[in-house]
Every structure is written in structure tokens, then in C-alpha cells.
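Full structure from sequences and hints, please.
If you're matching positions, the sequence shown starts at 1 in this note's numbering and goes up one per residue.
Restraint ranges, calculated between C-beta atoms of paired labels, are given here: (1) 229 <-> 178: 35 to 43 Å; (2) 37 <-> 199: 29 to 37 Å; (3) 25 <-> 237: 32 to 40 Å; (4) 227 <-> 205: 15 to 23 Å; (5) 33 <-> 213: 21 to 29 Å; (6) 131 <-> 79: 18 to 26 Å; (7) 228 <-> 154: 36 to 44 Å; (8) 79 <-> 229: 44 to 52 Å; (9) 232 <-> 14: 34 to 42 Å; (10) 221 <-> 155: 21 to 29 Å; (11) 116 <-> 61: 19 to 27 Å; (12) 31 <-> 205: 23 to 31 Å; (13) 97 <-> 62: 31 to 39 Å.
Rather than coming from a laboratory, the hints here were simulated on the basis of the structure.
All C-beta atoms in this analysis are idealised placements derived from N, C-alpha and C, irrespective of residue type, glycine included.
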Amino acid sequence: PVRTAADVERITAIDPDDLDGTAIAEAVRLVTAELGDTPLIGFAGAPFTLAAYLVEGGPSKEHLRARAMMHSDPDSWNRLAGWLAKVSRRFLETQRDAGASVVQLFDSWAGSLSTADYRAFVAPHSHAALAGIGLPTIHFGVGTGPFLADMRLDGVADGVGVDWRQPLDEAAAILGPDVTVQGNIDPALLSAPWSVLEAHVRDVVERGRAARAHILNLGHGVPPETDPDQLTRIVELAHTI
1 PVRTAADVER ITAIDPDDLD GTAIAEAVRL VTAELGDTPL IGFAGAPFTL AAYLVEGGPS
61 KEHLRARAMM HSDPDSWNRL AGWLAKVSRR FLETQRDAGA SVVQLFDSWA GSLSTADYRA
121 FVAPHSHAAL AGIGLPTIHF GVGTGPFLAD MRLDGVADGV GVDWRQPLDE AAAILGPDVT
181 VQGNIDPALL SAPWSVLEAH VRDVVERGRA ARAHILNLGH GVPPETDPDQ LTRIVELAHT
241 I
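Below, the structure is given as C-alpha cells:
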């Protein structure tokens, strides 16, 4: 775990520019060659989510230690999150240079934050990870409905991912007419009968029409027990709508 000023100093001594992206770049080149005209979305964890894992030392439900560090030692917090922003950006740039068409910053645990803490301790670092990267950008968080508008990062994010909790027509009204939405199929319904899942996907697509554009996707990750055929059927359905 990275919990003290000394811990933070030790880990941030690593220069993000020295990180070896060779394997990542090769993987992206292989995938984009197979995809042809289908765009690949590059991906990186957001500074807060990465910091939460480092400070907690593993998974956590409430990220109490990470949230405490923000207030008890803001200098160390900002040093750590600022360094992680550079690491995330390096990861995204490597994928960009290897052929990704879009990049996405994924903040799985931002929903544990208050709006004030998000704005003060997290948004500036996510902004630094994405700003001026030279590709269309998507910013996604889980449970970020209370500060969804802030997920635009002052216009840096071209698209905002929306989890399963908030209907896309409501999200589009908050985000405004110049933002693409992404999501928001409920991952829990991947194990439901197809008739239930199909009705849900159709509703998500219909509500997504309220936005400038909609990237149909899950509202979070794919549960490990998911039948891959369900995902195939969702894609096939989307192509018929």
C-alpha cells in the first residue's frame, strides 16, 4: 500500500516517460490490423481509481483511506494523483500512436466521492490525463450521477459514459447537446432471459436518441460468468435497429 508521504515519494520517483509500452503498442497494432475499418477504443484507468487501489492496497467498497489522504495530506494526494495522470496519459498515448481511434478514461470508483471532493481532488488530474491528446475522448465513471456534468472535464471529454443507474435521456439533458453518451446496458441483465435483455437494450437505444450520438455499451464491465453469446446477440440486435 502507498499510504505515507515517503511511500508516495518512492513511487512517484519512477518517470512515466521511462515506462516500456512496447507490448501494449504491439497488441494494439495486431488488433487494429484485424479490425480494419472498425475503430478500437483505447483504455486507461483514471487517476482516482488507480490511486484508490494503491492506497487501499487492494479492492475496497468505500475507499476510506484514499478519501482520508485527500484531506489529511493533500500534498501527497495531489503528487500521487498527478503522477498517475501522467502514467494514464502515457498509456493512452501509446495506444493512440499504435492505431487506436478513440481513448477512454475509466473511473470505476469515482462514485464513492462527494461532488466537492471530486471537483477539488480528482477532476484536475483526470483533465490532465485527457486534455489535448489528439483523439476523440470518452470519460466514464460508475455512480457519478450526482456530478455527471463534471465528467465533461470542462469540455475535454467528447463523450461521457453513463452507468446503468441513470436513463440516457436524463443524462443527455444534464450533459447538453454537444456531448456523445456511452452506455448504459445493465450488466446484471446479461444473465436474464433474452426477451428481457432485448427489451432493455431497445429501451437504452431509444433513450440514447436524446443525445448528439450514442455509443451502445454496457454500464460497466462484463461479469465473468456472462455467456458470450448474449454479447453477440446484443451486437446483432444493435445492427438491426
